[in-house]
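Novice: For the protein sequence lines, the chains are A and B, in the order given. For the first sequence, position 64 (counting from the first letter as 1) is numbered 64 according to our numbering, and the numbering increases by one without interruption. Numbers in our numbering are just positions in the second sequence, counted from 1, shifted up by 409.
No lab work stands behind these hints: they were computed from the structure. From the three backbone atoms N, C-alpha and C, an ideal C-beta is built for every residue, glycine too. Wrong hints could be hidden among the right ones.
[To be verified] Derived, one-sided and incomplete: chain B residues facing chain A with beta-carbon distance under 8 Å: (1) GLN465; (2) CYS499; (3) THR725; (4) ALA726; (5) HIS743; (6) THR767; (7) HIS792; (8) TYR807; (9) SER815.
[As the list claims (entries may be wrong)] In silico SDA-like links for lysine to any residue, alpha-carbon gap of 25 Å or less: (10) LYS133(A) to TYR100(A); (11) LYS214(A) to LEU21(A); (12) LYS482(B) to SER617(B); (13) LYS545(B) to ILE521(B); (14) LYS506(B) to PRO359(A); (15) LYS293(A) to LEU352(A); (16) LYS474(B) to ILE112(A); (17) LYS811(B) to THR160(A); (18) LYS97(A) to SER764(B); (19) LYS445(B) to GLN564(B); (20) LYS811(B) to LEU21(A); (21) LYS402(A) to GLY730(B).
Chain by chain, the residues:
There are 2 protein chains.
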Amino acid sequence: MKLVKEKAVQPIPGGTILSPLGYKAGGMHTGLRYAKKDFGVIYSEKPAQVGAVYTQSHFQAAPLKVTQESILKSHTLQVVVVNSAIANACTGEQGLKDAYQTREWTAKRFQIPEEYVAVASTGVIGEWLPMEKIEKGCNEIEVASTEQSAESFQQAILTTDLIEKTSCYSVKIDGETVTIGGCAKGSGMIHPNMATMLGFITTDASISSTLLQKALKTAIDQSFNQITVDGETSTNDMVIAMANGMVEHDTLHESHPDWHHFQEGFIHVCQDLAKQIARDGEGATKLVEVNVKGAHSHHDANILAKKIVGSNLVKTALFGGDPNWGRIVGAMGHSEVTIDPHQCDIYIGETLVFSNGTPQPFNEESVSQDMQAEHVIISVGLHGGDGKGKAWGCDLTYDYVKINASYRT
Amino acid sequence: MKLVKEKAVQPIPGGTILSPLGYKAGGMHTGLRYAKKDFGVIYSEKPAQVGAVYTQSHFQAAPLKVTQESILKSHTLQVVVVNSAIANACTGEQGLKDAYQTREWTAKRFQIPEEYVAVASTGVIGEWLPMEKIEKGCNEIEVASTEQSAESFQQAILTTDLIEKTSCYSVKIDGETVTIGGCAKGSGMIHPNMATMLGFITTDASISSTLLQKALKTAIDQSFNQITVDGETSTNDMVIAMANGMVEHDTLHESHPDWHHFQEGFIHVCQDLAKQIARDGEGATKLVEVNVKGAHSHHDANILAKKIVGSNLVKTALFGGDPNWGRIVGAMGHSEVTIDPHQCDIYIGETLVFSNGTPQPFNEESVSQDMQAEHVIISVGLHGGDGKGKAWGCDLTYDYVKINASYRT
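Input sequences plus hints: build the corresponding full structure.
Specialist: Shown next, in the form of structure tokens:
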């Protein structure tokens with residue numbers, strides 16, 4: 001009999017933020033949205049170590065300021081409270097007061113210190129929160145560890161999203177099974193340095209805040225920071241990771257023999273969620289992946305991949321299934337990355353369409369067919385170094401225009 | 410009787426590239442396009458001093474290389490030959506040969522040295538020119554100084570453009586009337602550092618190549634480089650200015666008393682053309698102008714203005730007439746320019762919608778009405794310095810997607 005060695009990092013189909021030990025969640029309708037759930041909470045039985053990354057927008061929304069304050073003070077979280085429909089961004093002093101009030105009510109409800117609470121909001125910019133609805137949410141929200149409660153939370157954080165976004169991986173650490181679960185929202189205003197997206201990652205691993213922050217940053221640079229739907233960064237983007245140490249193993253450190261498994265699992269969860277966001281981009285009909293290799297550095301490769309996947313002309317060609325690789329050249333042409341046009345290969349799917357500065361003969365119909373797939377891959381080889389990078393996005397469609405020409409009405 | 414002083418710089422309605430003395434032009438159908446004119450020439454009776462600016466794309470098309478070589482050698486031009494339909498970009502060695510061949514045929518036809526010929530192409534990337542059609546064009550093209558011949562040329566350079574783009578100003582120099590005329594094409598792939606656009610400017614002023622180049626660069630930074638339709642830069646962008654000195658006046662220099670009038674007229678012509686390109690952006694229903702003031706520098710103000718006018722979410726809101734200023738904030742938020750959100754004012758048309766970090770009450774219906782105009786102005790005040798800047802663009806519509814999802818079919 002042949003022994004099959006169990007993989008150290010494994011996907012858990014159907015897993016959620018409640019798959020790791022010691023977490024509960026819930027979602028409810030408070031009236032911020034017409035009928036859909038609009039208010040949710042993640043709760044950790046034990047105070048959890050925390051990592052967090054925030055939007056780089058100059059106009060950072062009020063809840064992000066309050067959350068940063070909590071985390072800076074305690075390095076620990078027990079509850080994340082989220083509302084959709086209204087972003088509480090560009091709302092001045094009143095907006096800040098409202099975010100503090102939300103934190104206070106939530107702390108009271110769960111009987112924990114205020115600095116153990118993170119606050120997140122997503123939705124329309126420039127409107128104040130109707131605080132009586134938020135108060136109702138804080139008072140009445142129920143949390144549980146069931147599948148339904150995870151789903152309620154996942155639904156409560158959506159805005160123009162069409163699908164819930166979840167991912168879950170297990171990782172072996174000291175022979176114990178540690179779980180990393182995640183969920184996210186995001187559909188428009190999706191671009192560099194955190195998009196209009198919220199991401200929540202839970203794990204039962206034992207790890208310090210400092211190292212969790214590092215794992216999160218590494219994962220985000222290869223996932224959420226490499227997606228683009230429309231080139232926009234929102235005021236409210238935030239990813240929060242919580243680690244409650246419910247699984248007993250030697251606390252992770254960078255020379256721990258299983259450290260790289262944990263990091264790998266973390267990256268998988270973030271990439272899964274990022275790709276789901278790109279695929280669910282407003283009006284999108286397909287997921288687009290751009291792979292760049294042969295750049296001077298990974299950084300350059302990532303920049304170029306994102307430039308291509310973010311080009312309106314590439315995106316419309318992908319919608320139309322038009323193998324017009326001139327659009328890819330156009331997008332590459334004005335990137336700040338060093339490119340030698342005479343050494344450059346471009347593939348659409350498996351087909352080489354451009355090489356060494358000249359067009360390659362190819363079957364247009366068959367490539368057009370490839371471009372109609374659910375997942376289209378564009379690959380670029382620069383032959384200038386060892387830098388590799390990936391980025392994800394979606395096509396640009398009539399529905400994108402439709403959704404965004406009348407968002408609020 | 411009151412004397413009205415004649416303005417030193419005056420628009421000439423209906424003026425063209427043939428309004429300055431000593432120029433001829435023509436356009437014809439060679440079969441590159443199905444039925445429309447696709448081949449044109451501008452001819453100066455006297456060899457003209459020249460200024461030129463080229464795309465910054467890594468993938469510079471073959472005709473640009475040939476034109477640069479001509480101009481570097483002679484600093485003088487007598488003929489510009491242009492074809493539409495095929496860009497002769499990403500066409501390798503063969504493409505370069507074809508561009509040289511085009512130059513050679515044109516020089517022969519007009520009996521001038523090859524280095525007095527500039528070559529320009531616009532259209533699809535990655536296809537070779539059918540040279541028998543180009544040869545036919547070179548041999549058969551007729552030039553004249555009539556209105557019809559100017560119009561033929563203007564038509565011959567268009568691709569997805571819906572309208573011909575022309576501008577003309579007169580300027581008093583040493584009491585003499587000097588004329589500056591221009592025409593342009595461009596509709597898609599319109600963004601920084603020269604878009605998929607060709608611009609041709611003629612003048613009968615007496616000016617050196619060096620100073621003409623300087624005047625052109627100054628004008629371009631405030632015009633063509635401040636428009637965006639889709640964030641893309643093409644492989645073929647080029648603006649060429651010719652000055653044939655047919656009007657007798659002291660050769661212009663920077664301390665000439667009328668120098669600033671010439672520069673001003675030049676800027677006017679370029680801005681006129683740039684705005685016409687933005688308004689004629691693929692699928693556009695309106696011209697959008699963004700004014701930024703109070704930035705740390707003019708450079709910062711220009712960057713921010715262009716960021717806002719280039720945002721897909723702002724552009725779709727403008728299409729829908731949705732006064733969702735949160736989109737403007739979103740676009741500003743991830744600009745590299747320093748912004749203090751608490752000191753920032755935003756106007757849509759005449760209406761203040763955001764000030765000092767908080768939303769301002771306004772009549773949504775009336776602002777929505779303002780956004781339906783042919784020309785919409787967004788103004789931003791940063792209160793951080795004296796920097797001013799402007800940028801122009803258009804809305805993002807169903808037709809943009811339609812045009813670009815099936816460009817070649």
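Novice: Are the hints correct? Go through all of them and say.
Specialist: Hint check results:
Look at GLN465(B): its Cβ gets to within about 6 Å of chain A, closer than 8 Å, so that hint holds up. Interface restraint check for CYS499(B): the shortest CB-CB distance to chain A comes to about 6 Å, inside 8 Å, so the restraint holds. Annotation: interface hint on THR725(B) holds; nearest CB of chain A at approximately 4 Å, less than 8 Å. Checking ALA726(B) against chain A: minimum C-beta separation of about 7 Å stays under 8 Å; hint holds.
Nearest Cβ of chain A to the Cβ of HIS743(B): about 4 Å, under the 8 Å cut. The hint holds. Given hint, THR767(B) at the interface with chain A, holds; its Cβ is 3 Å from that chain's nearest Cβ, closer than 8 Å. Checking HIS792(B) against chain A: minimum C-beta separation of about 14 Å lies over 8 Å; hint violated. Because the smallest distance between the Cβ of TYR807(B) and any Cβ of chain A comes to about 5 Å, under 8 Å, the interface hint for this residue holds.
For the restraint placing SER815(B) at the interface with chain A, the shortest Cβ-Cβ distance is roughly 5 Å, inside the 8 Å limit, so the hint holds. For the given pair, LYS133(A) sits about 15 Å from TYR100(A) by alpha-carbon distance, which is consistent with the 25 Å threshold. At roughly 22 Å between alpha-carbon atoms, LYS214(A) and LEU21(A) fall within 25 Å of each other, so this suggested pair holds. For the given pair, LYS482(B) sits about 15 Å from SER617(B) by alpha-carbon distance, which is consistent with the 25 Å threshold.
Between LYS545(B) and ILE521(B) the CA atoms are separated by roughly 18 Å; this keeps the pair inside 25 Å, and the hint holds. Restraint check for LYS506(B) and PRO359(A): satisfied, since their Cα atoms lie roughly 16 Å apart, inside the 25 Å limit. The suggested pairing of LYS293(A) with LEU352(A) holds, with an alpha-carbon distance near 15 Å, which does not exceed 25 Å. Only pairs whose Cα atoms come within 25 Å are accepted, and LYS474(B) paired with ILE112(A) is rejected, the gap being roughly 69 Å.
The hinted pair formed by LYS811(B) and THR160(A) meets the criterion: a straight-line CA distance of about 23 Å does not exceed 25 Å. About 19 Å separates the Cα atoms of LYS97(A) and SER764(B), which keeps this hinted pair within 25 Å; it holds. A C-alpha spacing of about 8 Å is found between LYS445(B) and GLN564(B), which places the hinted pair at or below 25 Å, so the restraint holds. Only pairs whose Cα atoms come within 25 Å are accepted, and LYS811(B) paired with LEU21(A) is rejected, the gap being roughly 50 Å.
Between LYS402(A) and GLY730(B) the CA atoms are separated by roughly 12 Å; this keeps the pair inside 25 Å, and the hint holds.
In summary, the structure is inconsistent with hints 7, 16 and 20 from the numbered list given earlier, while agreeing with the others.
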